[in-house]
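2 protein chains.
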Amino acid sequence: MSAFLLNADNFADRLAAAVRAKGTALCVGLDPRWEQLPAEIKARHGSTTLATVARAFEELSLRVLEIVAPLVPVVKPQSAFFEMCGPAGLLALQRVLQHAKQLGLLTILDSKRNDIASTAEAYADAAFGGVCIEQLRQPVWDADALTVNAYLGRDAIEPFIKSARRDGRGLFVLVRTSNPGAGQFQDLVCDGKPLFHHVASAVGDWNRENLGKCGFGDVGAVVGATHPAELAAVRQLLPEAWFLVPGFGAQGGTAADVAAAFRPDGLGAIVNSSRGITACFSPNEPHWEAAVEAATKTAITQLSRTTTG
Amino acid sequence: MSAFLLNADNFADRLAAAVRAKGTALCVGLDPRWEQLPAEIKARHGSTTLATVARAFEELSLRVLEIVAPLVPVVKPQSAFFEMCGPAGLLALQRVLQHAKQLGLLTILDSKRNDIASTAEAYADAAFGGVCIEQLRQPVWDADALTVNAYLGRDAIEPFIKSARRDGRGLFVLVRTSNPGAGQFQDLVCDGKPLFHHVASAVGDWNRENLGKCGFGDVGAVVGATHPAELAAVRQLLPEAWFLVPGFGAQGGTAADVAAAFRPDGLGAIVNSSRGITACFSPNEPHWEAAVEAATKTAITQLSRTTTG
Chain Y
1 MSAFLLNADN
11 FADRLAAAVR
21 AKGTALCVGL
31 DPRWEQLPAE
41 IKARHGSTTL
51 ATVARAFEEL
61 SLRVLEIVAP
71 LVPVVKPQSA
81 FFEMCGPAGL
91 LALQRVLQHA
101 KQLGLLTILD
111 SKRNDIASTA
121 EAYADAAFGG
131 VCIEQLRQPV
141 WDADALTVNA
151 YLGRDAIEPF
161 IKSARRDGRG
171 LFVLVRTSNP
181 GAGQFQDLVC
191 DGKPLFHHVA
201 SAVGDWNREN
211 LGKCGFGDVG
221 AVVGATHPAE
231 LAAVRQLLPE
241 AWFLVPGFGA
251 QGGTAADVAA
261 AFRPDGLGAI
271 VNSSRGITAC
281 FSPNEPHWEA
291 AVEAATKTAI
301 TQLSRTTTG
Chain A
310 MSAFLLNADN
320 FADRLAAAVR
330 AKGTALCVGL
340 DPRWEQLPAE
350 IKARHGSTTL
360 ATVARAFEEL
370 SLRVLEIVAP
380 LVPVVKPQSA
390 FFEMCGPAGL
400 LALQRVLQHA
410 KQLGLLTILD
420 SKRNDIASTA
430 EAYADAAFGG
440 VCIEQLRQPV
450 WDADALTVNA
460 YLGRDAIEPF
470 IKSARRDGRG
480 LFVLVRTSNP
490 GAGQFQDLVC
500 DGKPLFHHVA
510 SAVGDWNREN
520 LGKCGFGDVG
530 AVVGATHPAE
540 LAAVRQLLPE
550 AWFLVPGFGA
560 QGGTAADVAA
570 AFRPDGLGAI
580 VNSSRGITAC
590 FSPNEPHWEA
600 AVEAATKTAI
610 TQLSRTTTG
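Quick mapping for you: the protein sequence lines, in order, are chains Y and A. Under the numbering used here, the first residue of the first sequence is numbered 1, with each subsequent residue one higher. Under the numbering used here, the first residue of the second sequence is numbered 310, with each subsequent residue one higher.
Since the hints were made in silico from the structure, they are not lab data. It should be emphasised that the depicted structure is a prediction, and the values quoted were computed from it without experimental measurement. A hint or two may mislead.
[Claimed, not checked] Heads up, incomplete: computed chain Y residues facing chain A, CB under 8 Å, no partners named:
1. Asp31
2. Trp34
3. Phe81
4. Leu91
5. Ile116
6. Ala117
7. Tyr123
8. Ala126
9. Ile133
10. Gln135
11. Gln138
12. Ala150
13. Gln184
14. Val189
15. Asp191
16. His198
[Said to hold, decoys possible] Covered stretches of chain A (chain Y as the covering partner; in silico rule of three or more C-beta atoms under 8 Å from a C-beta of chain Y):
17. 338 to 344
18. 353 to 359
19. 428 to 434
20. 451 to 462
21. 478 to 488
22. 493 to 507
Note that the Cβ used here is the ideal one computed from N, Cα and C, for glycine as well.
Chain Y with its partners taken away, still in its complex shape (with noise of 0.2 Å):
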């Protein structure tokens, strides 16, 4: 794998530096939904087409990014919302992960995608550094990191590390993810030890590849902060690979659920809160915003009694 490896600075330390910078792990979830879209953002576009849906899921998310870019080191969108609006929905998604980045938030794409040899390159490149045809040199998400779902086995993870490894983005690879029925084959147990330790185990290998000057990697996990024992069990596994975790807020997750995701210095992890902060309003809520900023705000307070205490 040594010719993965690039000069562009390691994913790994990019985040590092963002969460130093900001002073916090919290990572801004943006999952619009319609049902919960502020009023005025409604009217303004109206649900005539899909076209005006997805262009009401895009003012929402760039006045939250607006908001929360002074106070957050990551965002990360939902592709699955944009994705309902076809392809009027992946031109807001696109220009979402564009205004995040002009405001120098990194940014997660979270799409789950997993596939085989050229069918995983194409989605690789697609979410990293872009398509390469001929002259042609275009990016197409341009997110710094991608959620994978390692099932389909090392050599279908090898083409995402490799297109992220090319210009210093990085993966995250779901381990154990935040639903409740998450156990059923993740918690199975295959030569003494559950299903997800084995996964861990394989993203400990990818992520030891190529670590940072922080000390972690730059292929992650996905564990959700809802199962809070595992949590702790995948880091004993992964002492050096950045977790993502999701099921903070909305979900149940607690900011004692998630502590035991970060080392000491209070790096290792990022923790998601989706609709506890794009959603923490009544539709007809005309200060919308300064809830966002408020709950943005205090889920950054509960985390930071976490990671110090």
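Place chain A on chain Y using the hints.
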């Protein structure tokens, strides 16, 4: 789950009828790659922007659809190759799916989606019946079936099943994939049997909830042609599930390798060939459409020897 069962024709029966009508189980995969396009299509559109590349992918796909529509029951566009062109590529994908439907073909959207709760619903509604927002009822991809990854567990698959059954669509769950490294996790032995048997068993439970008149259900399995022993094992575990069998042709699977996927009456599996059909010619071949037609007929003949022998 009984609330999910509606009046629309069962996907399993629609697929059985289509296979019987065309007399073959061949599925043509649409995985457009720039370097494999006919020179005339490349020259007409050029690779100036992602939009021109997307239009080239669309032209190749539409012309292949015209050739194969009289010959095969089903086509499988690979989402990744359209997504790599960004929003313009997804517009092309939408048109390809629409055109396939107009030609009477069934469509499997191969995007291996996976997520939880309302996020899974968003992917599923987009794939199948479409988005419902206030007065808006709008199809997005409008595919007959979708490939999904079950690593996240039962509650992450159920939103896909619910959305599919609302109007007679189907799923193909990744069980044993066709790549060389598929076994890294899929073959791990848990409770005395490999992980892919556990996933197959869950597919069996979901599938038996909604069997059609043909004896098969609407939640099928993806099982690679490149692992014939595993294919035979999954058939034993899932006598009532449709299989989507990739890996035939370019990936090395032969007609003999896929024989075990079929029920004695020749139903129960569809066998995908992508590059073996849509990239069976040299880019400078002027009669590439004749080559595509010939390759399709050859694949049909090879498969027919298997399913009747």
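Review point. With a cut-off of 8 Å, does the beta carbon of isoleucine 116 of chain Y approach a beta carbon of chain A closely enough for the hint to hold?
Key: holds (4 Å)
**Study point:** Proposed interface contact between alanine 117 of chain Y and chain A, which counts if any beta carbon pair is under 8 Å
**Key:** holds (7 Å)
Exercise for review: Identify whether the interface hint at phenylalanine 81 of chain Y stands, where standing means a beta carbon of chain A within less than 8 Å of its own.
Suggested key: holds (5 Å)
Exercise for review: Test coverage of the region 338 to 344 of chain A by chain Y using CB-CB distances below 8 Å; three residues minimum.
Suggested key: holds (count 3)
Point to revise | Restraint outcome when alanine 150 of chain Y is required to lie within 8 Å of chain A by C-beta distance | key: Given a least distance of 7 Å, the restraint on alanine 150 of chain Y holds.
**Study point:** Evaluation of the interface hint that places glutamine 138 of chain Y against chain A, nearest CB under 8 Å
**Key:** holds (5 Å)
Check your understanding: Is the interface hint for histidine 198 of chain Y satisfied, with its Cβ closer than 8 Å to some Cβ of chain A?
Key -> holds (6 Å)
Check your understanding: Hint check: is the beta carbon of isoleucine 133 of chain Y less than 8 Å from a beta carbon of chain A?
Key -> holds (5 Å)
**Study point:** Agreement of hint glutamine 184 of chain Y with chain A interface, Cβ distance less than 8 Å
**Key:** holds (4 Å)
Point to revise | Minimum beta-carbon distance criterion (8 Å), aspartate 191 of chain Y to chain A | key: holds (7 Å)
Review point. Against chain A, with CB atoms and a cut of 8 Å, does the hint on tyrosine 123 of chain Y hold up?
Key: holds (5 Å)
Review point. For the region 353 to 359 of chain A, does the count of residues with a C-beta closer than 8 Å to a C-beta of chain Y reach 3?
Key: holds (count 4)
No hint from the list above goes unmet by this structure.
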